[in-house]
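K.L.:
If you want the building blocks of each chain, they are given just below.
There are 2 protein chains.
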Amino acid sequence: MTIYITGHKNPDTDSICSAIGYAALKGEGYAAGRLGNVNPETQFVLDHFGMAAPELLGDMAGQEIILVDHNEAAQSADGIEEAKILEILDHHKIGGLKTSEPILFCNVPVGCTATIVTMFYKQNGKTPDAKVAGLLCSAILSDTLAFRSPTCTETDKATALELAAIAGIEDVEAYAKEMFVAGSELGSKTEKEILYLDFKKFNSGNTTFGVGQVSSMSGEELQELKPRMQAYMEESFAEHGADMLFFMLTDIMDESTDLIYCGEGADAAVKAAFKSDAEDRTYLKGVMSRKKQIVPQLTDALK
Amino acid sequence: MTIYITGHKNPDTDSICSAIGYAALKGEGYAAGRLGNVNPETQFVLDHFGMAAPELLGDMAGQEIILVDHNEAAQSADGIEEAKILEILDHHKIGGLKTSEPILFCNVPVGCTATIVTMFYKQNGKTPDAKVAGLLCSAILSDTLAFRSPTCTETDKATALELAAIAGIEDVEAYAKEMFVAGSELGSKTEKEILYLDFKKFNSGNTTFGVGQVSSMSGEELQELKPRMQAYMEESFAEHGADMLFFMLTDIMDESTDLIYCGEGADAAVKAAFKSDAEDRTYLKGVMSRKKQIVPQLTDALK
Numbered sequence: 008m009t010i011y012i013t014g015h016k017n018p019d020t021d022s023i024c025s026a027i028g029y030a031a032l033k034g035e036g037y038a039a040g041r042l043g044n045v046n047p048e049t050q051f052v053l054d055h056f057g058m059a060a061p062e063l064l065g066d067m068a069g070q071e072i073i074l075v076d077h078n079e080a081a082q083s084a085d086g087i088e089e090a091k092i093l094e095i096l097d098h099h100k101i102g103g104l105k106t107s108e109p110i111l112f113c114n115v116p117v118g119c120t121a122t123i124v125t126m127f128y129k130q131n132g133k134t135p136d137a138k139v140a141g142l143l144c145s146a147i148l149s150d151t152l153a154f155r156s157p158t159c160t161e162t163d164k165a166t167a168l169e170l171a172a173i174a175g176i177e178d179v180e181a182y183a184k185e186m187f188v189a190g191s192e193l194g195s196k197t198e199k200e201i202l203y204l205d206f207k208k209f210n211s212g213n214t215t216f217g218v219g220q221v222s223s224m225s226g227e228e229l230q231e232l233k234p235r236m237q238a239y240m241e242e243s244f245a246e247h248g249a250d251m252l253f254f255m256l257t258d259i260m261d262e263s264t265d266l267i268y269c270g271e272g273a274d275a276a277v278k279a280a281f282k283s284d285a286e287d288r289t290y291l292k293g294v295m296s297r298k299k300q301i302v303p304q305l306t307d308a309l310k
Numbered sequence: 008m009t010i011y012i013t014g015h016k017n018p019d020t021d022s023i024c025s026a027i028g029y030a031a032l033k034g035e036g037y038a039a040g041r042l043g044n045v046n047p048e049t050q051f052v053l054d055h056f057g058m059a060a061p062e063l064l065g066d067m068a069g070q071e072i073i074l075v076d077h078n079e080a081a082q083s084a085d086g087i088e089e090a091k092i093l094e095i096l097d098h099h100k101i102g103g104l105k106t107s108e109p110i111l112f113c114n115v116p117v118g119c120t121a122t123i124v125t126m127f128y129k130q131n132g133k134t135p136d137a138k139v140a141g142l143l144c145s146a147i148l149s150d151t152l153a154f155r156s157p158t159c160t161e162t163d164k165a166t167a168l169e170l171a172a173i174a175g176i177e178d179v180e181a182y183a184k185e186m187f188v189a190g191s192e193l194g195s196k197t198e199k200e201i202l203y204l205d206f207k208k209f210n211s212g213n214t215t216f217g218v219g220q221v222s223s224m225s226g227e228e229l230q231e232l233k234p235r236m237q238a239y240m241e242e243s244f245a246e247h248g249a250d251m252l253f254f255m256l257t258d259i260m261d262e263s264t265d266l267i268y269c270g271e272g273a274d275a276a277v278k279a280a281f282k283s284d285a286e287d288r289t290y291l292k293g294v295m296s297r298k299k300q301i302v303p304q305l306t307d308a309l310k
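Just so you know, the protein sequences line up as chains A and B, in that order.
In short: position in the first sequence from 1, add 7, done, that's the numbering used here.
In short: position in the second sequence from 1, add 7, done, that's the numbering used here.
Derived by calculation from the structure, the hints in this document are not laboratory data.
Where hints are given, some of them may not hold.
As the list makes no split between identical chains, a pair holds if one copy fits it or if it spans any two.
Stated by the list, open to error - Below, in silico cross-link-like pairs of lysine-lysine (DSSO-like), each with a Cα-Cα straight-line distance of 30 Å or less: (1) K91 x K164; (2) K129 x K299; (3) K105 x K164; (4) K16 x K91; (5) K91 x K310; (6) K208 x K278; (7) K100 x K199; (8) K207 x K278; (9) K16 x K33; (10) K298 x K16; (11) K33 x K100; (12) K16 x K184; (13) K105 x K33; (14) K164 x K129.
So here's chain A without its partners, still in its complex pose (with noise of 0.2 Å):
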């Protein structure tokens, strides 16, 4: 009987990665599974090398199983109590499962499954193959939003680019963006949805002002978002019920801030919050920080 390997419901890229790149190391007799649809980003990933989506998997009762990514049965697959859980490779707090017997759990503080994975080819004296080690590098890109989250360890970006050089990933920069704007919901939104994807109201003196902000891994996206959102706020504007509208187009990667907006004197507070000549956009460099680094600077410019 086959002993499948999975990540946890809804799967993400780590997810998925983690168990087709543990299968492959396990070898004959293992084989990755999955606990629903594959989303876009991992789609791209897993066309850019040319591998097939894990096996989807259904009740799991009185089979073995090997958990990725996962450690709590309620993220797992439909009869994993009445499974026999084999191992367990995780980077997320400890639920509360219990086994009958000892077996490997290994929960590492790291930001990426994917690194954990590529830990045990290390420690077998074993390399993952292209194909693999392009998936797990894929996988800590994702989880690590390019090395740029908090949960991002040294080790976790050592191995990325470990695995990269295996795979061929010339620019993990430029491979990490194409991942991301692959994986991005932008592109199916109306320019309303993206408006109030995240969107709040502020009083100063006595204007109101509309504050949004999309973010992306994508600096690209961003600027063919840019033109639709200026084009949509200014013919929308009397609906908001603003004085005043500011969006913010934040990239990620970057680590900047495109900031625009309409209505009469946002021009002036921009300039005065900001200390900026620009006429009608204002690329504000190391702002991420709707709530630190827009708001105070607008609130105050506006008294």
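Keeping the supplied structure of chain A fixed, place chain B upon it in accordance with the hints.
P.N.:
This is chain B only, laid out in the frame that chain A set:
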């Protein structure tokens, strides 16, 4: 505040030595603790390598703690529910513990936690000093019954031998015997207590016979015990309510049993059962199980 590293309540040699060994690896800010008295075997080990026992810990609520050789709250320090568990190194079944953040939880199905602690030395490119290596080696010898337990893996054995070389233990078997003798509690028991440690009566034909068994890692200890038990069985024969008495002195290291006995016909039964010409004893190589290797044979011989 010192971060304590501790094994389980009622600590054995692994719980004490793995705590000391891991604290030595972690270095400044960390100290080994213990959750109970040091047993005679562990005291022998500490004395042998000139090490002090870890500090006896009280309620750990509000403190930071690392668990070795256990992963269940019930086996751990008082106040563990209000302590912050930073790491767990263990080799038991997974016991349902929860944490609020990701932690290092390294549970490996090997024979001894000290084997896992030694893995961490290697992962960090470090080598334990001779004293610590001696403690870790002793823990492995203790938990694996000097490599004879079914829980012992090749990794445990290889690790213990590497540690023995660092510690300057020239004859690992001899050292293990010395440790097991020091840890044995047979020395403090009367012959009657030893006979009844594990004693059962059986019937065959018209004969009632009793078979007791004691197992030891030390052949010397058993040889010392043998004449005492023989004399006791003969002088107290009438009070045991059996036609024949048998007593198995089982040497775990030698994988053999020295069978002593008394009562009319016992000698003939032993000769018939085990095809032996010995007059008052039978050295039975490979015999360790009363249920499978002694009682059926005697039962057949007495029919």
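K.L.:
Checking K100 and K199: alpha-carbon separation at most 30 Å within a copy, between copies, both or neither?
P.N.:
neither (37 Å within a copy, 53 Å between copies)
K.L.:
Is it within, between, both, or neither for K16 and K184, if the alpha carbons may be no more than 30 Å apart?
P.N.:
within (25 Å within a copy, 52 Å between copies)
K.L.:
When no copy is specified for K16 and K33, does a C-alpha distance of 30 Å or less occur within a copy, between copies, both, or neither?
P.N.:
within (22 Å within a copy, 36 Å between copies)
K.L.:
Checking K16 and K91: alpha-carbon separation at most 30 Å within a copy, between copies, both or neither?
P.N.:
both (18 Å within a copy, 29 Å between copies)
K.L.:
Reference check for the pair K298 and K16, CA-CA at most 30 Å: within, between, both, or neither?
P.N.:
Neither, since 33 Å and 49 Å both go past 30 Å.
K.L.:
At most 30 Å between alpha carbons: which applies to K207 and K278, within, between, both or neither?
P.N.:
within (21 Å within a copy, 95 Å between copies)
K.L.:
Is it within, between, both or neither when you check K208 against K278 at 30 Å Cα-Cα?
P.N.:
within (20 Å within a copy, 98 Å between copies)
K.L.:
Could you figure out if K91 and K310 sit no more than 30 Å apart (CA to CA) within one copy, between two copies, both or neither?
P.N.:
neither (64 Å within a copy, 46 Å between copies)
K.L.:
Evaluate K33 and K100 at a C-alpha cut-off of 30 Å and name the case that applies: within, between, both or neither.
P.N.:
So K33 and K100 pass the 30 Å test inside a copy (25 Å) and across (22 Å) alike.
K.L.:
Checking K105 and K164: alpha-carbon separation at most 30 Å within a copy, between copies, both or neither?
P.N.:
Between. Shortest inter-copy distance 28 Å satisfies the 30 Å Cα cut-off; intra-copy 32 Å does not.
K.L.:
My question is about K105 and K33: at a cut-off of 30 Å on alpha-carbon distance, are they close within one copy, between copies, both, or neither?
P.N.:
The answer is both: 23 Å in one copy and 28 Å across copies each meet 30 Å.
K.L.:
For K129 vs K299, is the C-alpha pair at or below 30 Å within one copy, between two copies, both, or neither?
P.N.:
neither (43 Å within a copy, 45 Å between copies)
Hint violations for this structure: numbers 2, 5, 7, 10, all remaining hints satisfied.
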